[in-house]
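J.: Please model the complete structure; the sequences and the hints are all you need to start from.
As you go down the protein sequences, you meet chains A and B in turn. With this note's numbering as the guide, the letters of the first sequence map in order to residues 1 to 394. With this note's numbering as the guide, the letters of the second sequence map in order to residues 1001 to 1394.
Worth double-checking, as some hints may not be accurate.
Said to hold, decoys possible - Below, simulated DSSO-like cross-link-like pairs (lysine-lysine); rule was C-alpha separation at most 27 Å, straight line:
(1) B:Lys1110 with A:Lys110
(2) A:Lys4 with A:Lys138
(3) B:Lys1110 with B:Lys1220
(4) A:Lys110 with B:Lys1220
(5) A:Lys138 with A:Lys110
(6) A:Lys4 with A:Lys110
(7) B:Lys1138 with B:Lys1110
(8) B:Lys1110 with A:Lys220
(9) B:Lys1138 with B:Lys1220
Hints are computed from structural coordinates only; laboratory data are not their basis.
Number of protein chains: 2
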Amino acid sequence: MAVKNFVPPRRLLLGPGPSMLHPRVLRALSTPLLGHLDPAFLAIMDEIQTLLRFVFQTENRFTIAVSGTGSAGMEASIVNIVEPGDAVIVGVNGVFGTRWASIVERCGGKAIRVEAPWGQIVEPDAIRQALRQSGPVKAVAVVQAETSTGVWQPLEPISHLCREHDTLFLVDAVTSLGGAPVDVDRWNIDVCYSATQKCLSCPPGLSPFTLSDRALAAIKARRTSCQSWYLDMALIADYWAEGTRAYHHTAPISMLYALREALRLVEEEGLPARFVRHQRNSEALIAGLTELGLPPLPPIGHRLPTLTCVTIPSHIPESEIRASLLSTYGIEIGGGLGPLKGKVWRIGLMGESSTEAHVLTLLNALETLFILGGWLSTPGIALQAASRVYSRRV
Amino acid sequence: MAVKNFVPPRRLLLGPGPSMLHPRVLRALSTPLLGHLDPAFLAIMDEIQTLLRFVFQTENRFTIAVSGTGSAGMEASIVNIVEPGDAVIVGVNGVFGTRWASIVERCGGKAIRVEAPWGQIVEPDAIRQALRQSGPVKAVAVVQAETSTGVWQPLEPISHLCREHDTLFLVDAVTSLGGAPVDVDRWNIDVCYSATQKCLSCPPGLSPFTLSDRALAAIKARRTSCQSWYLDMALIADYWAEGTRAYHHTAPISMLYALREALRLVEEEGLPARFVRHQRNSEALIAGLTELGLPPLPPIGHRLPTLTCVTIPSHIPESEIRASLLSTYGIEIGGGLGPLKGKVWRIGLMGESSTEAHVLTLLNALETLFILGGWLSTPGIALQAASRVYSRRV
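T.: Written out as structure tokens, the structure reads:
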């Protein structure tokens, strides 16, 4: 066999995830292992729970990291709550709402899809109508940050509807947690999950996950057992909870070291400062991209500060430019998924990836490629637009 | 908040997993991230597949790492193969067979439990009888290395039965892969999974997983969709397979770096040398423990070379000694699970943990604690017994 020592090419990760890692997180990954039942490791789990509660803005006791990626968190949000026959209203305006609805069906539930065009929010009025027209609904599931379109979904109006109709409120915060407000308690969110490789700037592999007392009560009141053993939160609670610490599965120790350190960095920066940073860098990026003739897909007011999705005019060979960015500049950005394939770019400025230097580096590379391709005649125009944003007082 | 910088206590990991990491694996963990669709990362995935085929001794094209711990691999082995109403014969002689049967039931399948006392193998004749007495059976599921009892289950006779009865053969190789032979092709195993934190000496968080063409055909012929989206191998195949590389979920990149390096180390040592090393160290350990009055639970011939489970006489305060080993010596060993709680120790000599130095270090510590407790009067007796094993020619 000839599997050589691996030296990775240099990359600036500005796609839809993973984002760049802070050197402290890289270092935490190579901390020697402890056993998953070692008292010193159990203490770390407590700290991770405290830090996760802080970033989720919740006092939910059940706040943990699921031992899988964000998609495992999505699956866990359904298999624990939904029993065969249960109806769930799912907002569908991109890949992830679509996936969520399909998981409801794999679980024997009835997915009531409230659809919106890709690039638009799911209108709260449409959710209100669905709640009125359906019979009893177990939950309403909404993607706060649709990674496939860059849409930032307002949650407060839907939160009110869920309380009015006494139904559980499920939120996908994969591309927002740590980069935009996710106020679990204030918005009465009952199940919220995220992923580590986005705005938390940790490697992929864990899913921060929190359950309200209402959600826990719903789990306790199940008539059937959870169809997943691996993601059964009633069992997992015994391991993460203080006191019992019953063995369920072996925790992904190195990943939890990394998450702990990434969360410490979030806490040191502070959530308000972090949100301002993400907002400012995304505004500068959008200003620059607009000058290049690449307008954001979502309308003003519904654009994520963490992931910018821009439309590519048909005369621009989007995949060739993406390939050049990667091979010549070492810069990764994302293409479109599903119906948006070949039509959009998805540029993530998440966690450690969200810096002024990265915005200017990307715009500079794009300007050069656009001038070489003959699609831009005024050098510096995008950089200047971005700089104007940065010269504004904060 | 006061979550401080973390400096782990020193630990020698000789429990049922995780095992010690090689410095090269620790270093691989802190390799800067690549995107999960980066060509350089896809090349790494190909290499991991090649190395996994080597360690599984298989030519199965479908050989991957599941993005979850060994328990996720266990769940994947069932949810992909079993449809509601399908019968599965499960060998139950410890925690993991018990868990497997419960997963079959959560999946709507019928678990036919073939039980044996904890510490004994599941008799092939009992499987034969079950096959004769049951109606059509979708699969026979057997734990090769029962981590809760240290029993080494012979697979060849059961493999023959599965071929005779044209039923799928599922094997849990969590505590054997990389430390004892797992000959997937020679034994006609259809679904085999393992975990990274045992004999591969990689952190926990991934589950090596392989499917035969027969298993793939069974998946293709399903009447119902897989109840899990996250573990649906029909979807995951599109990401791991060369060619399509369709996005499913974000791969746990850092963990895959670590697995690749851990597998390279296995390949450099060679499987035969590795198996001899594990066998020799476990023989030396057993020789020493026997002198301390701690006999192995499984009978001769059915003892795992990777995990030794010994019975603790009732006059010995097992949990206190384990606590002293951890606090005074920094040595982790495992206690008993379920009905064996308080009655056995489980000592893992897996991967990097399986060395002569570790065996002698542990026996030395135990001798001291036994002398202090008044349960041993002849110092050196365990160490000498172990040394006699090491002085034999290989």
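J.: So, against the hints stated earlier in the document, which numbers end up violated here?
T.: 2 and 6
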